[in-house]
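So the protein lines, in turn, are chains E and Y. Residue numbering for the first sequence follows numbering that gives the first Met the number 0, starting at 0 and increasing by one per position. Residue numbering for the second sequence follows numbering that gives the first Met the number 0, starting at 0 and increasing by one per position.
Read the hints as simulated data drawn from the structure, not as lab findings. Every residue gets a Cβ at the ideal spot worked out from N, C-alpha and C, and that includes glycine. Among the hints, a few may not be true.
Unchecked claim - Derived coverage of chain E by chain Y (criterion: at least 3 residues anywhere in the stretch with Cβ under 8 Å from a Cβ of chain Y; other residues may be distant): (1) 87-96; (2) 136-149.
Unchecked claim - Dumping the calculated DSSO-like pairs for lysine-lysine here, alpha-carbon to alpha-carbon at most 27 Å: (3) Y:Lys267 x Y:Lys254; (4) E:Lys274 x Y:Lys249; (5) Y:Lys219 x E:Lys267; (6) Y:Lys253 x E:Lys249; (7) Y:Lys274 x E:Lys242; (8) E:Lys274 x Y:Lys267; (9) Y:Lys46 x Y:Lys72; (10) Y:Lys219 x Y:Lys186.
Here's the letter readout for the chains.
2 protein chains.
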Amino acid sequence: MKIAVDAMGGDFAPQVVVEGVEQARDLYPELEFDLYGLADQVTPLIKDQTRIKVINTTEMIEMGEEPVRAIRKKKDSSIVRAATAVREGQADAFFSAGNTGAILAAGLLIVGRVKGIDRPGLTSILPIANPDHPGQRFVYLDSGANAESKEKNVLQFAQLGRFYSERVLGVENPRVALLNNGAESDKGDTFHKNVHAQLAADPDVNFVGNVEGGDLLLGKADVIVSDGWTANVALKATEGTAKLMIKLIKAGVKKGGLRALLGAWLLKPMLVDIKNLMNASTYGGAVLLGLKAPVVKTHGSADPDAIRNTIGQIKQMLDSKVIDETVEYFSPTPEKVDNLTEND
Amino acid sequence: MKIAVDAMGGDFAPQVVVEGVEQARDLYPELEFDLYGLADQVTPLIKDQTRIKVINTTEMIEMGEEPVRAIRKKKDSSIVRAATAVREGQADAFFSAGNTGAILAAGLLIVGRVKGIDRPGLTSILPIANPDHPGQRFVYLDSGANAESKEKNVLQFAQLGRFYSERVLGVENPRVALLNNGAESDKGDTFHKNVHAQLAADPDVNFVGNVEGGDLLLGKADVIVSDGWTANVALKATEGTAKLMIKLIKAGVKKGGLRALLGAWLLKPMLVDIKNLMNASTYGGAVLLGLKAPVVKTHGSADPDAIRNTIGQIKQMLDSKVIDETVEYFSPTPEKVDNLTEND
Numbered sequence: 000m001k002i003a004v005d006a007m008g009g010d011f012a013p014q015v016v017v018e019g020v021e022q023a024r025d026l027y028p029e030l031e032f033d034l035y036g037l038a039d040q041v042t043p044l045i046k047d048q049t050r051i052k053v054i055n056t057t058e059m060i061e062m063g064e065e066p067v068r069a070i071r072k073k074k075d076s077s078i079v080r081a082a083t084a085v086r087e088g089q090a091d092a093f094f095s096a097g098n099t100g101a102i103l104a105a106g107l108l109i110v111g112r113v114k115g116i117d118r119p120g121l122t123s124i125l126p127i128a129n130p131d132h133p134g135q136r137f138v139y140l141d142s143g144a145n146a147e148s149k150e151k152n153v154l155q156f157a158q159l160g161r162f163y164s165e166r167v168l169g170v171e172n173p174r175v176a177l178l179n180n181g182a183e184s185d186k187g188d189t190f191h192k193n194v195h196a197q198l199a200a201d202p203d204v205n206f207v208g209n210v211e212g213g214d215l216l217l218g219k220a221d222v223i224v225s226d227g228w229t230a231n232v233a234l235k236a237t238e239g240t241a242k243l244m245i246k247l248i249k250a251g252v253k254k255g256g257l258r259a260l261l262g263a264w265l266l267k268p269m270l271v272d273i274k275n276l277m278n279a280s281t282y283g284g285a286v287l288l289g290l291k292a293p294v295v296k297t298h299g300s301a302d303p304d305a306i307r308n309t310i311g312q313i314k315q316m317l318d319s320k321v322i323d324e325t326v327e328y329f330s331p332t333p334e335k336v337d338n339l340t341e342n343d
Numbered sequence: 000m001k002i003a004v005d006a007m008g009g010d011f012a013p014q015v016v017v018e019g020v021e022q023a024r025d026l027y028p029e030l031e032f033d034l035y036g037l038a039d040q041v042t043p044l045i046k047d048q049t050r051i052k053v054i055n056t057t058e059m060i061e062m063g064e065e066p067v068r069a070i071r072k073k074k075d076s077s078i079v080r081a082a083t084a085v086r087e088g089q090a091d092a093f094f095s096a097g098n099t100g101a102i103l104a105a106g107l108l109i110v111g112r113v114k115g116i117d118r119p120g121l122t123s124i125l126p127i128a129n130p131d132h133p134g135q136r137f138v139y140l141d142s143g144a145n146a147e148s149k150e151k152n153v154l155q156f157a158q159l160g161r162f163y164s165e166r167v168l169g170v171e172n173p174r175v176a177l178l179n180n181g182a183e184s185d186k187g188d189t190f191h192k193n194v195h196a197q198l199a200a201d202p203d204v205n206f207v208g209n210v211e212g213g214d215l216l217l218g219k220a221d222v223i224v225s226d227g228w229t230a231n232v233a234l235k236a237t238e239g240t241a242k243l244m245i246k247l248i249k250a251g252v253k254k255g256g257l258r259a260l261l262g263a264w265l266l267k268p269m270l271v272d273i274k275n276l277m278n279a280s281t282y283g284g285a286v287l288l289g290l291k292a293p294v295v296k297t298h299g300s301a302d303p304d305a306i307r308n309t310i311g312q313i314k315q316m317l318d319s320k321v322i323d324e325t326v327e328y329f330s331p332t333p334e335k336v337d338n339l340t341e342n343d
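From just these sequences and the hints, can you work out the full model?
Spelled out as C-alpha cells, the structure:
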C-alpha cells in the first residue's frame with residue numbers, strides 16, 4: 000500500500016509532515032510513502048529513508064490561493080503531483096495538511112468521483128462525548144465540500160457515511176440521522192422534509208430520524224448527514240464553543256489567584272481528558288468520500304501525532320475496501336439501467 | 000404600561016409565572032399585569048394583588064400542539080386571549096413561557112406585523128463571552144421563526160436588529176454581521192452571497208462582513224443576522240456544546256474522587272461565573288421582532304428570576320419606543336412609494 004503525501008502542506012511543513020510519516024512508517028510495516036515536495040527541503044529532514052521516497056516538485060499551493068485556479072495552473076505543485084500519482088495508479092491514497100479548497104479540488108478534478116456519485120462529501124470523524132464509552136466516534140458529512148447541496152446529494156452522503164461507519168469503524172448496521180431544526184419528523188424546510196421522507200423510505204438505510212444542532216456529540220446516531228451548508232455551520236459552532244469554554248476556564252484560572260491555580264492543578268487530569276475527548280484530530284482527518292481513492296486532509300496546525308493518526312485512518316480505509324463497496328453500490332447494474340431508461 | 004401575561008405557559012406554570020411577575024411588579028412600579036389563565040389555579044398563588052389582575056380563560060395550548068391549528072381553535076386559551084388583548088390595545092406587550100410555535104403564531108396572526116415587514120424574526124439576546132466585559136450582549140436573529148427565509152427577510156432582520164441594539168441595548172452605531180460559512184466576502188452559497196452584497200450596499204447598516212459559526216459569542220458584531228434555518232441550527236449547536244462541556248466537567252469531578260472534588264470546590268467561583276455567562280436566560284427572553292407590539296417568550300423551564308428578567312426586557316423595549324422607530328422606518332413615505340412605482 001502506497002500513500003502519496005503532500006510534504007509541503009500545513010503550517011509547519013515539511014518538518015511536521017516528515018515526522019508524522021516516519022511515526023506511521025514505524026507503526027505500519029505494510030505502508031510505503033511517496034513524499035511530494037521540494038526535495039532539497041524534504042530529504043534532509045528524513046531520519047530513516049526505509050519505505051519513504053521523495054519526489055521533487057517545484058511549485059507550492061499557498062493557503063490563501065483560489066483552489067480551482069491553483070490546481071489548473073500549478074501542475075508541478077506537490078498537491079497536483081500527489082493527486083495525479085493516485086489517479087495514475089502509482090499510489091493508493093492521497094494525504095495533505097494543506098489548503099483545504101485545493102485538496103478538495105484536486106480530489107474532485109484529478110483523483111475523480113466514483114461513477115454514480117454526483118458530489119463527494121467532506122466527512123469528519125467526530126467524538127461521541129460519552130466518558131463511559133471513550134473513543135466512540137460518529138461519521139458526519141458533508142462538513143464543507145459543498146456550499147449548496149441537492150436532495151440527492153444528501154441521500155448519497157447517507158450511503159457513503161454508512162459504508163464508512165460499517166467498514167472502517169466497525170459499526171454494525173449503523174444508525175443514520177439527518178441534521179434538522181427539530182427532532183420531530185415533520186420539522187424542517189421543504190428541502191429537509193423531502194430528504195427525511197426519502198431516507199425513511201430507503202430500505203438500505205437504518206434511518207433513526209432527525210437530530211438537532213445541539214445533539215451532534217451526544218451519540219444519537221453513528222452517521223449524521225446534512226447538506227454541506229448546514230453541516231459546516233453547525234460543526235464550526237460546536238468546535239468553536241468547545242474551544243471557547245476551554246479558553247474561558249483558562250482565563251478564569253489566571254484571574255482566580257492561588258486558589259484557582261491549585262484547583263486547576265487538582266482538576267488537570269480531568270480537564271485534559273475532556274480536551275482530548277473534544278479534540279477531533281485524535282480521531283484522524285477529514286475524508287473526501289465519493290472519490291475513487293482515499294483523499295484525506297488534516298488541519299494545517301496538525302502535529303506529528305495527528306498526522307500519524309490520519310495515516311492510520313487511511314490504512315483502515317484501504318484495508319476495509321470501503322471504496323470498492325461504494326463503487327459496487329453505485330455502479331449501474333443491468334436492472335438499474337433499465338429503471339433509468341424507464342424514468343427517462 | 001400593561002403586560003398581558005400567559006399565566007399557563009411553561010413547565011412550572013402557573014406557580015413560577017406568578018412568582019416572576021410578582022418580582023417584576025415589585026421592581027418596576029410603572030408596570031401593570033393582566034394574567035390570563037385558569038383563575039381558580041392562578042389567583043390563589045398571588046401573594047399581593049397590587050397591579051396584578053387575573054383574567055379567567057378556560058382553555059390551554061399544550062406544548063406538543065400544532066401551533067396554527069391550536070391558535071385558530073382554542074379561542075379561549077390564555078395565549079389567544081392575551082395576544083388579542085394586545086391587538087385591541089388593552090395591553091402594551093405579550094409575554095409567555097409556553098409553546099413556542101403557538102406564541103409565534105399568535106404574534107403573527109393576532110398581534111400582527113408592522114406594515115412593510117414580510118416576516119418577523121425571532122430575536123435572541125446572547126452573551127459576548129468576554130470575561131473582561133461582563134454583561135455585554137449581542138442581538139441574534141432569526142433564531143427560529145422561519146424555517147425558510149428569503150433574501151429580503153434577512154435584510155429586514157438587519158434593520159430590526161440594529162434598531163433593537165441601538166434603542167434597547169444602547170449600542171451606538173451597532174456593527175451588523177452576517178452568519179456565513181467563511182469570513183471572506185466571497186464566501187457562501189448564492190443566497191448568502193447576495194445578502195452579503197445587499198447589506199454591504201445599504202447605507203443605513205454598519206455592515207462589518209461575515210462571521211462563522213464558531214465566532215458567534217466572540218463579540219465580532221453587535222447584531223448577527225441569518226436566515227432562520229442556519230441561525231437556529233447554529234444557536235442550538237452553540238448552546239448544546241456549552242451545556243455538554245458543563246456536563247462533562249460535572250461527570251469528570253464525580254469520577255475523579257476526593258482530589259477532583261477538592262479541585263472543583265476551589266474552582267467553583269470561576270465555574271459558576273462561566274455558567275452564568277453562558278446562561279442566556281440571564282439576558283431575558285426571545286423577542287419576535289417586526290410585530291406591532293413586544294411579543295416575548297422565555298423557555299419553558301424558566302425560573303422566576305428568568306421571568307423577572309424577561310419582563311424587565313419588555314419594559315426596556317416599551318421605554319425605548321423601538322417599535323415606533325420600526326414602524327416609522329418601514330412605513331411608505333411619498334418618496335418610497337415613488338421608488339416602488341418606478342421599479343414595478
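How the hints compare with the structure:
Counting residues of the region 87-96 of chain E whose C-beta lies closer than 8 Å to any C-beta of chain Y gives 0; at least three are required, and the coverage claim is violated. With 3 residues carrying a beta carbon less than 8 Å from a beta carbon of chain Y, the region 136-149 of chain E meets the three-residue requirement, and the given coverage holds. Between Y:Lys267 and Y:Lys254, the direct Cα distance comes to roughly 17 Å. Compliance with the 27 Å bound is thereby established for this hinted pair. Only pairs whose Cα atoms come within 27 Å are accepted, and E:Lys274 paired with Y:Lys249 is accepted, the gap being roughly 14 Å.
Annotation: proposed proximity of Y:Lys219 to E:Lys267 is violated, straight-line Cα distance about 31 Å (limit 27 Å). Pair hint Y:Lys253 plus E:Lys249 holds up; C-alpha atoms about 21 Å apart against a cutoff of 27 Å. Taken as a hint, the Y:Lys274 and E:Lys242 pair is honoured in the structure, with Cα atoms around 15 Å apart against an allowance of 27 Å. Taking the CA atoms of E:Lys274 and Y:Lys267, the gap is near 19 Å; set against the 27 Å cutoff, the hint holds.
Of the supplied pair hints, the one linking Y:Lys46 and Y:Lys72 is violated, its CA atoms being roughly 33 Å apart against a limit of 27 Å. For the hint pairing Y:Lys219 with Y:Lys186, the CA-to-CA distance comes to about 17 Å; that is within 27 Å, so the pair holds.
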